[in-house]
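Undergrad: Under my numbering, think of the first position of the sequence shown as 1, with each following residue one higher.
Do not take every clue at face value.
To be verified - Calculated pairs, DSBU-like style, for lysine-lysine (alpha carbon to alpha carbon, straight line, at most 30 Å):
1) K128 - K203
2) K188 - K202
3) K128 - K38
4) K202 - K5
5) K202 - K107
6) K188 - K130
7) K203 - K269
8) K203 - K253
9) K128 - K70
10) K130 - K64
11) K5 - K193
12) K130 - K193
13) K253 - K64
14) K203 - K193
Stated by the list, open to error - For each label pair, taking beta carbons as the anchor points, the in silico distance ranges come out as:
15) T35 - V120: 25 to 31 Å
16) I117 - L237: 31 to 37 Å
17) N15 - L132: 20 to 26 Å
18) K202 - A124: 39 to 45 Å
19) C73 - K38: 44 to 50 Å
20) I68 - F225: 29 to 35 Å
21) L40 - L237: 32 to 38 Å
22) N86 - L237: 50 to 56 Å
23) D256 - N15: 21 to 27 Å
24) G238 - L40: 21 to 27 Å
What the hints contain is simulated information worked out from the structure, not anything from laboratory work. C-beta atoms are modelled at their ideal positions from N, C-alpha and C, and glycine is treated no differently.
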Amino acid sequence: MEGIKGAFQIMRPLNGLGAAIGVLIGAVASGFLFTIEKNLFNVLICFLAAFLTASAGHALNDWKDVEIDKINCPERAIPSGRISRNTALILTIALFVVGDAIIFLTKNIQAILILLIGSVFIAAYSLKFKKLGFIGNITIGMLTSFCLLLGGAALDKIEFSLWAALLAFVMNIGREITKGVDDYVGDKEEGVKTLAVLFGRKKGSYLAVLFLIATIILSPLPYLFQLYNEIYLFIALGGVDSIMIISIILILKNPDSSENAHFVKRILKLGMFIGLFAFLLGFPGLLLPDSNPFRNITFPW
1 MEGIKGAFQI MRPLNGLGAA IGVLIGAVAS GFLFTIEKNL FNVLICFLAA
51 FLTASAGHAL NDWKDVEIDK INCPERAIPS GRISRNTALI LTIALFVVGD
101 AIIFLTKNIQ AILILLIGSV FIAAYSLKFK KLGFIGNITI GMLTSFCLLL
151 GGAALDKIEF SLWAALLAFV MNIGREITKG VDDYVGDKEE GVKTLAVLFG
201 RKKGSYLAVL FLIATIILSP LPYLFQLYNE IYLFIALGGV DSIMIISIIL
251 ILKNPDSSEN AHFVKRILKL GMFIGLFAFL LGFPGLLLPD SNPFRNITFP
301 W
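Using the sequences and the hints given, assemble the complete structure.
TA: Spelled out as structure tokens, the structure:
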């Protein structure tokens, strides 16, 4: 019983469920509610595959960090002895293998490639990239966006989830850099090469601002490219961009403050959730008729 409990603890099923829900959001934002009967099987397979591979990543992370956890978190499953390190490694491999195998049931090359590439980056992050600061930030942004892309790929509608994934990627990098400013002292002691550690908290904060500005610039494009309706535009501009602007102002007022960065990091997470709702509710025909005036315009690009 202790072994089973330990296995669940290193898998962190709630975090894995978060990744799986990201797939579902990507699917709904790509029109899944209009094609449930046709695409239900593929969406369920992608949902389960994302859960398994994310859980594998969490287990691998605990396997890799066992020596650090013996000091900092001795109550965790491996250092406490509830599960052995060898068993944790076997569980990690099994989760990766099953997750990567079942995705082939979709017979969808986009979904297969997204999950397999994602699995490689999950493993790379736990084994190496986590300590490399900005590379780790980019990896987290990619993995977040991959969940959304996988949902769109399950429907062969990746062009819809692509915008959600791009905005999530850019905003997440800004948030991760801000998180590095917040964690500056601990990261410096642990030798984590965040931008804040390499260049100082102030420059790290300014770099985070660039990604938040990029999020604002990108936010109306899904509407202008005729993919989402006025509900998306209203939530994106009124909700997401407002939070981006508030975050930018707070950062610029006090770029050296870890406490300020901690607060900004939290409200940026709220901005991410609002952004997901924008894509969910703004799909054409879901709550409003397909009324985007740009839908009849051919753009030169």
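Undergrad: None of the hints should be skipped; say for each whether it holds.
TA: Hints, verified against the model:
1. K128 - K203: Satisfied, since the Cα-Cα distance of roughly 24 Å is no more than 30 Å.
2. K188 - K202: 15 Å, holds
3. K128 - K38: 40 Å, violated
4. K202 - K5: Not satisfied, since the Cα-Cα distance of roughly 43 Å exceeds 30 Å.
5. K202 - K107: Between K202 and K107 the Cα gap is close to 48 Å, so the pair fails against 30 Å, i.e. violated.
6. K188 - K130: Holds - the C-alpha atoms of K130 and K188 are around 14 Å apart, at most 30 Å.
7. K203 - K269: At roughly 22 Å apart (the allowed maximum being 30 Å), K269 and K203 satisfy the hint.
8. K203 - K253: The given pair, whose Cα atoms are some 13 Å apart, holds under the 30 Å limit.
9. K128 - K70: Within the cut-off at roughly 20 Å; holds.
10. K130 - K64: This hinted pair holds, its Cα atoms lying about 11 Å apart.
11. K5 - K193: Given that 30 Å is the threshold and the Cα spacing comes to 34 Å, the pair is violated.
12. K130 - K193: Holds. K130 to K193 sits at ~9 Å (cutoff 30 Å).
13. K253 - K64: 39 Å, violated
14. K203 - K193: Holds: K203 and K193 sit about 14 Å apart, inside 30 Å.
15. T35 - V120: 25 to 31 Å: Distance hint for T35, V120 holds at roughly 30 Å.
16. I117 - L237: 31 to 37 Å: 32 Å, holds
17. N15 - L132: 20 to 26 Å: 21 Å, holds
18. K202 - A124: 39 to 45 Å: 30 Å, violated
19. C73 - K38: 44 to 50 Å: Cβ of C73 to Cβ of K38: about 46 Å, so the range 44 to 50 Å holds.
20. I68 - F225: 29 to 35 Å: Given about 45 Å between the Cβ atoms, the range is violated.
21. L40 - L237: 32 to 38 Å: Since L40 and L237 have Cβ atoms about 33 Å apart, the given range 32 to 38 Å holds.
22. N86 - L237: 50 to 56 Å: 53 Å, holds
23. D256 - N15: 21 to 27 Å: 31 Å, violated
24. G238 - L40: 21 to 27 Å: For L40 against G238, whose Cβ atoms are near 33 Å apart, the range 21 to 27 Å is violated.
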